[in-house]
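Colleague: Listed below are the residues making up each chain.
Protein chains: 2
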Amino acid sequence: MFGKIKVKVMDSAKYAKKLGEEDPRRIFHAVKVGIAITLMSMFYYFKPLYHSFEEAGMWAILTVVVVFEFTVGGTIAKGLNRGAATLLAAGLGVGAEYLGNACGDKGEPIILGTLVFILASVATFTRFVPRVKRRYDYGVTIFILTFALVAVSGARASEILKMAYERLTTILIGGATCMLISVCIYPVWAGQDLHNLIATNIQNLATFLEADAEDKSYLQSHKTVLNSKANEEILANFAWWELGHGGFKFNHPWKLYLNIGSLVRECACQIETLSGCLNSKSQAICEFQRKIQPACVEMSIEASKALRELGAALKEMRFPSSAVEIHLRNSKAAAEKLQNIMHNSSVPTKADFQHIVPTLVIASVLIDIIKFIDKTSSAVDELSQKAGFKLKPVDHNQVVVDIVEIKTESS
Amino acid sequence: MFGKIKVKVMDSAKYAKKLGEEDPRRIFHAVKVGIAITLMSMFYYFKPLYHSFEEAGMWAILTVVVVFEFTVGGTIAKGLNRGAATLLAAGLGVGAEYLGNACGDKGEPIILGTLVFILASVATFTRFVPRVKRRYDYGVTIFILTFALVAVSGARASEILKMAYERLTTILIGGATCMLISVCIYPVWAGQDLHNLIATNIQNLATFLEADAEDKSYLQSHKTVLNSKANEEILANFAWWELGHGGFKFNHPWKLYLNIGSLVRECACQIETLSGCLNSKSQAICEFQRKIQPACVEMSIEASKALRELGAALKEMRFPSSAVEIHLRNSKAAAEKLQNIMHNSSVPTKADFQHIVPTLVIASVLIDIIKFIDKTSSAVDELSQKAGFKLKPVDHNQVVVDIVEIKTESS
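So the protein lines, in turn, are chains A and B.
Quick note on numbering: the first sequence equals residues 7 to 417 in the numbering used here.
Quick note on numbering: the second sequence equals residues 7 to 417 in the numbering used here.
Isolated chain A (complex conformation) (with noise of 0.2 Å):
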């Protein structure tokens, strides 16, 4: 018995250590919003502060427990969120008291039912509505909440100007402690992770072309940025939210990012179909084959070299440099050197048609695959641009290979 629970201990100490390692931000966190925490409690615990709040501290500590999240942009988004649902939903409150006031001890139950009622209903039913929803999901809970607190308590508390006024302040010291701690201690951006996970999506994909067929790990580097999305349009609302911060300005055009995303996303798509003729190849190769494989390889290399450049400079945040293009120019002459193949060469004969469809089908996805990386690369200039990343520094050598380059295409 004793030896279960220290194995189960064991483990969980394992796990634990193991979450730990794998994002060191997260005992980060929680230290900081144990750290916080604890501030507000004392705030709430030593006696002149206690006397000049009384009971409302405990709005201080029920700020910080529900409003410090992992990310910035995440504490920013539900501490302006309450702050403000709390100040239109304190005044609105005070207003219906007024007005229950003014109707008698018998119609103000009434009237201050009907309300709540009312305010509540069609604040829960503007929750559906998309944007709402993204933004200010949390803002419309506490105004229910607030609203409905205020209207009702004010029937009993006499002074509910001042209960206003001290529950304010405990929620505007709550939240500004959690944005304070969130922003100066290890601050995890959201913006950054959303950033780093696009770039790390695209080098993922070009981890796939590059990887040698044979070695089958790979294959499943794509699986991941299938299933990104709804971690990135998290990632991105909580992102407009944040101050600048490193190379990111206040403004920066996070939509873009999920333009991206979605490109790339798409591309994994091609990739999903393409994993699956390469598992499912028959082994013998005939002699169509080897003519059309080399091109075949040529165009998957050098588009994966142009999907690991577009995520490098997304990474470093400069603009991709004239590589990227090298690379998918070459890409699409292999793909015209394969296209020319397959009108010249000699007709396979009957038993070998069937086993050259799959290889026609990598060509073919190849192809498509390139389309997708060109949209991608547009995509990527666009956000470069809108968002001000640094020119690269000029690279001598580049110059030459583009000079070479557009000679040869004048001649």
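I should point out that these hints are in silico values taken from the structure, not numbers from a laboratory.
There could be a bad hint or two in this list.
[Said to hold, decoys possible] Result set (DSS-like, lysine-lysine): computed pairs, CA atoms no more than 27 Å apart in a straight line:
#1 B/Lys139 to A/Lys20
#2 A/Lys139 to B/Lys235
#3 B/Lys14 to A/Lys261
#4 B/Lys139 to A/Lys10
#5 B/Lys14 to A/Lys235
#6 A/Lys229 to B/Lys229
[As the list claims (entries may be wrong)] If the Cβ cut is set under 8 Å, some of the chain B residues that face chain A in the computed set are:
#7 Met64
#8 Val71
#9 Val72
#10 Ala126
#11 Ser127
#12 Phe134
#13 Ala236
#14 Gly282
#15 Val367
[What the hints assert, rightly or not] Calculated Cβ distances over 12 Å to all of chain A for the following chain B residues:
#16 Leu105
#17 Pro300
#18 Ile307
Think of the CB as a built atom: it goes at the ideal place given N, C-alpha and C, for glycine as much as any other residue.
Once you've looked at the hints, dock chain B against the given chain A.
Modeller: Structure of chain B alone, referenced to chain A:
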């Protein structure tokens, strides 16, 4: 100015009407929340109740505002989480209180502060464990909140047990009201929603496959399937908490829906490739294409019929009829036919070779899609068995078809 406001108000009203018409359950939900909050605030308002619970009455309102979710499962999950976490945290908090008291006036704030810090940090860290995050996220929040409040406020309130009792009672009343209203008035079951979502997704794929290639509007029907993963997971988590309802027992195998969902999504990914080919297909049709097209169309039609029946069976909560088997067999036969044609047909001339690649890709992807439908069919069969769906009432026409089928095979 006035005109502008009028236009805005009219637009909002129209939009609200649209939202309500899309899913009338949204309106019911808003009204249900309104009723629950009004009930709780009246409970707070009227004197007899007020005197026995005092300020604690606000916890009932607070509970309703944060616990009442759109689905029954969500409401039960949050309500039970809140109840259990409050009980546990209140118990620990009272313990911490006594420990603090034993340490004297100077030691008390240090002991209590340390305990709050440790528990808040550890509890916050556990929220990164996926299983905790999925089921008990809200409970952990409430645990931290209640523990901090009880541990610290007890230092002031001498009647800590009375306070704990009042708070618990009001929270239980608030939670129970939410659950009752949620279950009894037009309940929205997360399980039923998940069930319908998966069935609809299967039918969306069928719609794509049976769509006339000329009618491009249907070619979008698989897009929503690609993005429904996050939604499926939320519904499955909530469904886990739900009581039996309709044909679903308490222990319905909700996890199997996620399996089916991910198979359907992989299939949608293949269809995405297919739709790319259909959009880019050249208009000129050569002899070879004319030969294999009927087989492709047959594969596609038979596959869509199999999917249609799978979706219908799921929706009606019955075992899929033998029609699925038959249609799958037919589409596999068509695939066989296709491969024979490719094997025996006159080899296309060089010029045609490039032309026919999109057709070959379509054929190859269709063959893959049939494999996925096969897997989906097995997954639906497993679900029907484990969930105890009803066997289809014997359909005599169907039996005849079956017998004919068997005869044909054995002959």
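Colleague: Each of the hints needs a verdict: does it hold here or not?
Modeller: Each hint, compared with the structure:
| no. | hint | result |
| --- | --- | --- |
| 1 | B/Lys139 to A/Lys20 | 18 Å, holds |
| 2 | A/Lys139 to B/Lys235 | 19 Å, holds |
| 3 | B/Lys14 to A/Lys261 | 26 Å, holds |
| 4 | B/Lys139 to A/Lys10 | 25 Å, holds |
| 5 | B/Lys14 to A/Lys235 | 32 Å, violated |
| 6 | A/Lys229 to B/Lys229 | 18 Å, holds |
| 7 | Met64 | 6 Å, holds |
| 8 | Val71 | 4 Å, holds |
| 9 | Val72 | 7 Å, holds |
| 10 | Ala126 | 4 Å, holds |
| 11 | Ser127 | 3 Å, holds |
| 12 | Phe134 | 5 Å, holds |
| 13 | Ala236 | 4 Å, holds |
| 14 | Gly282 | 6 Å, holds |
| 15 | Val367 | 5 Å, holds |
| 16 | Leu105 | 15 Å, holds |
| 17 | Pro300 | 18 Å, holds |
| 18 | Ile307 | 21 Å, holds |
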